[in-house]
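Residue numbers (the numbering used here), protein chains in the order written: chain A, 115 to 258; chain B, 1249 to 1647.
If you're looking for bench data, these hints aren't it; they were derived computationally from the structure. Source: prediction; values computed, not measured. Note that beta-carbon positions come from the ideal geometry of N, C-alpha and C, so glycine has one too. Treat the hints with caution; some may be incorrect.
To be verified - A few chain B residues that don't get close to chain A, going by computed Cβ distances all over 12 Å:
1) Glu1250
2) Arg1293
3) Gly1378
4) Gly1389
5) Arg1461
6) Leu1469
7) Glu1517
To be verified - Now the in silico label distances, taken between C-beta atoms and shown as ranges:
8) Gln215(A) with Glu1421(B): 54 to 62 Å
9) Pro1511(B) with Cys171(A): 34 to 42 Å
10) Glu213(A) with Arg1268(B): 15 to 23 Å
11) Arg1376(B) with Pro202(A): 12 to 20 Å
12) Asp147(A) with Leu1328(B): 54 to 62 Å
13) Arg1292(B) with Ala165(A): 30 to 38 Å
14) Gly1394(B) with Asp147(A): 21 to 29 Å
15) Asp1329(B) with Asp246(A): 47 to 55 Å
16) Cys171(A) with Phe1390(B): 36 to 44 Å
17) Thr1318(B) with Gly247(A): 38 to 46 Å
18) Ser1393(B) with Pro199(A): 14 to 22 Å
19) Glu213(A) with His1508(B): 25 to 33 Å
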Amino acid sequence: MREKARGEADQPFRILPRITPENEHFWTGGAEDELRFKRCRSCGYYIHPPAPRCPTCLSKELEVAAVSGRATVLTYTVNHQPWIPGFPTPYVVAIVEIEEQPGLRLMTNLVNCPIDAVRIGMPVRVRFEARDGVYLPLFEPVTG
Amino acid sequence: MEILERRACITGIGQSDIGRRLHRDPLDLTLDACLAAIEDAGLRRDDIDGLATYPGNLTMPAGFSGAGVTEVQDALRLRLDWYDGGPEQPGQLGSVINACMAVACGLATHVLCFRSVFEGSAQGSRGRRGIGVDGGGGGGGFRASGFMQWSLPFGAASAANWIAMFAQRHFHEYGTTREQLAQIALNDRKNAARNPNAIYREPLTLEDYFAARMISEPFCLYDCDVPCDGATAVIVSRREAARDLRRTPIGVEAVGSAIHGRPSWDQWEELSTMALRDAGAMLWKRTDLKPADVDVAELYDGFSFIALAWLEALGFCGKGESGPFVAGGQRIALDGELPLNTQGGQLSGGRLHGYGFLHEACVQLFGEGGPRQVEGPPQVAVAAAGGGPLGGCLLLTRG
């Protein structure tokens, strides 16, 4: 098993993404506490998963842009099956829609929220979990 | 526009032994099914000039593919004019749709189509695991790429998670309930009791369903299909070449292969539907028949909710109305107005992965269902397979 870094003792085992030049902005933006997407310079469309052209206007003029990190829960499931050894159950998997653009979505985990309080339509915000240089965007309820 | 698939027909079907864990060479099972189908059609193997399969030869996930085109061609020493195997198709039955087009276009005359699984044996006593988890993901340096990078880091390691989120959205938008969802599992089990080849045949009650452990809400154990070992084969022939064969062939009236939304488990725009929405709509644009003409429906239920989605996609009920449509179970029972998954589906019949539904549609149209035969005999059947970004369907007619 992988050795756990200091401060990770209470964190579940996670399978991490393979970082490439195409996805690096997304998986490492959390180092500066930013949720980042490729964005079209011509029409402003956020592109996820990353692609070399804007799927709307087909422009190749893309940039990396940070969003607010605010999102809404579109759907979720409480998972009970231990698919991955070392990943304690139950946990909440959700699809959230990022505030800046309809259809800009991520699969994620909802954290810092009692499982029975999870609702579709719930406002959430990003909170990064760091692992081996990867910053996983998790989401928690917006409170207050 | 000519509806080209009508130049094709189904002339024979075959299945291997089916079991939870047979511990047999999967190629052996595959060849059993293939040779049974060839014999059923009244053909000789030298007559087979086309070969089609889903998903082709893959080593992962474990047991997902018992054989590819290459193994079967070589094992039977087939002389092929056309062949096709791969995962990027309109669901598992996309391979059959391709075969219909191949015979319609004259690329082949008799195409052997097959699907082979050995997930039961491959998973062994460890039970069902997540996709990619066996690929070194339990430790060490495994990293996820492609679509799995957006899913695996969050523990969403199975289609159970992905499809559960479609179901949850459907529950949210339309008020669908677990009791309604349960009807797919209960109906499957009732039909499986009449199918000697089904995996689970003992009675299942609504109380049993609600007492089962949860897998990924709203799915409990009985909403998830049962991994098994087995192979299924069908022969797709060109109409003119089928006249003198053993059977009166089954007609292919129309197919559906469309996907108009984003091809993804999490980016699909309309979360209460799936790609099968487009495949179902396309099918009815290619025929004058209507949903009310269908006598028996064999609809993919790798997870129970997918069958609800297919009921809506194929217009058997309105959008969002599949829950009330199946409520109580009478309508979809063997003697109901739309008998559904008459072999026990994949939930009780076993996860033969799509081809089991086509096989059963043919069994019913041939009138050979024995204790589970729908009365009539049925004249029109629909077979549909796939969920999430995969979906393909065929409308079939007797004689």
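Here is what the structure says about each hint:
no. : hint                                  : in the structure
1   : Glu1250                               : 34 Å, holds
2   : Arg1293                               : 42 Å, holds
3   : Gly1378                               : 3 Å, violated
4   : Gly1389                               : 8 Å, violated
5   : Arg1461                               : 7 Å, violated
6   : Leu1469                               : 9 Å, violated
7   : Glu1517                               : 6 Å, violated
8   : Gln215(A) with Glu1421(B): 54 to 62 Å : 21 Å, violated
9   : Pro1511(B) with Cys171(A): 34 to 42 Å : 20 Å, violated
10  : Glu213(A) with Arg1268(B): 15 to 23 Å : 47 Å, violated
11  : Arg1376(B) with Pro202(A): 12 to 20 Å : 18 Å, holds
12  : Asp147(A) with Leu1328(B): 54 to 62 Å : 58 Å, holds
13  : Arg1292(B) with Ala165(A): 30 to 38 Å : 50 Å, violated
14  : Gly1394(B) with Asp147(A): 21 to 29 Å : 27 Å, holds
15  : Asp1329(B) with Asp246(A): 47 to 55 Å : 52 Å, holds
16  : Cys171(A) with Phe1390(B): 36 to 44 Å : 37 Å, holds
17  : Thr1318(B) with Gly247(A): 38 to 46 Å : 41 Å, holds
18  : Ser1393(B) with Pro199(A): 14 to 22 Å : 21 Å, holds
19  : Glu213(A) with His1508(B): 25 to 33 Å : 26 Å, holds
Hint violations for this structure: numbers 3, 4, 5, 6, 7, 8, 9, 10 and 13, all remaining hints satisfied.
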